[in-house]
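Student: Sequence:
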Amino acid sequence: MIKAIEIIERPRLALFKLIEGLTIEQLNKVPEGFNNNIVWNIAHMVAAQQGVCYLRAGLKTVIDEEFYYAFKPDTKPEKFIDEQQLDVIKDLAVTTLQQLEADYNNNLFANYVPWTTRYGVQLNTIDEAIRFLPFHDGLHTGYVMALKRVVSR
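The numbering of the sequence shown is our numbering, which starts it at 299 and goes up by one.
None of these hints come from the bench; they were simulated from the model.
Hints may be right or wrong, so weigh each one.
[To be verified] Taking lysine-lysine and the DSSO-like style, the derived pairs with C-alpha atoms no more than 30 Å apart in a straight line are: (1) K315 x K370; (2) K446 x K374; (3) K358 x K301; (4) K358 x K370; (5) K446 x K358; (6) K377 x K388; (7) K301 x K377; (8) K315 x K301.
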C-alpha cells in the first residue's frame, strides 16, 4: 500500500474502535452547539476524499452520487442512519482508499486541476491531494471525539 494512503487508513480504522459501544442513536445525535453528528463526520471523510481526488481530476466519484451529495462539504445530517447504512459507510471508508490506490497506480489522476482548499492549502497534484487527506480526516476525527464526549454523558 502507498504509505500516504496507509496513513489515512489506519486512523480511520482506529476511529471505528473509538465509536464502538455507542448506540446508533448516539451516533446520529446532533448535540446542542454542533451542526452535525458522528456518523455524518465519518461519511463526510469518504465524500470529501472523492471530491478532493476524483472530481478535481475530472473523474466521476467511485461512490454513489447520492451518497456524495448527502455528505459533501457544506452539508449537514438530513436523515437517520441505521446500523446497515453505518456498515456501508464503514466499508466505504476503507474500500474507497483501496480503489484510490488502484486508480493512482493506473495513473487515472493525470488531469488533476490545481485548486486551493478552504484552509488555504494549494493542491497542484494528486500526490498533494492524497497528502492533504490526513489533515482533513484529522479535523473530523477531532469533531468525532468531541461529539463522543457529549453524546456519552
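Student: Taking the hints in turn, state whether each one holds.
Tutor: Results for each hint:
Distance hint between K315 and K370 is fulfilled; the C-alpha atoms sit about 24 Å from each other, no more than 30 Å. In summary, the hint linking K446 to K374 is supported, as the alpha carbons are separated by about 17 Å, within the 30 Å threshold. A threshold of 30 Å between alpha carbons decides the hint, and for K358 with K301 the separation of about 24 Å falls inside it, so the pair holds. With a C-alpha separation of about 14 Å, the suggested pairing of K358 with K370 holds against the 30 Å cut-off.
With a C-alpha separation of about 33 Å, the suggested pair K446 and K358 falls outside the 30 Å cut-off, and the hint is violated. Under the criterion of a C-alpha separation no larger than 30 Å, the hint pairing K377 with K388 is consistent with the structure, at around 17 Å. Distance check on the hinted pair: K301 and K377 sit about 35 Å apart at the alpha-carbon level, beyond 30 Å; violated. Taking the CA atoms of K315 and K301, the gap is about 22 Å. The hint holds against a cut of 30 Å.
Checked against the numbered hints given earlier, the structure breaks hints 5, 7 and satisfies all the rest.
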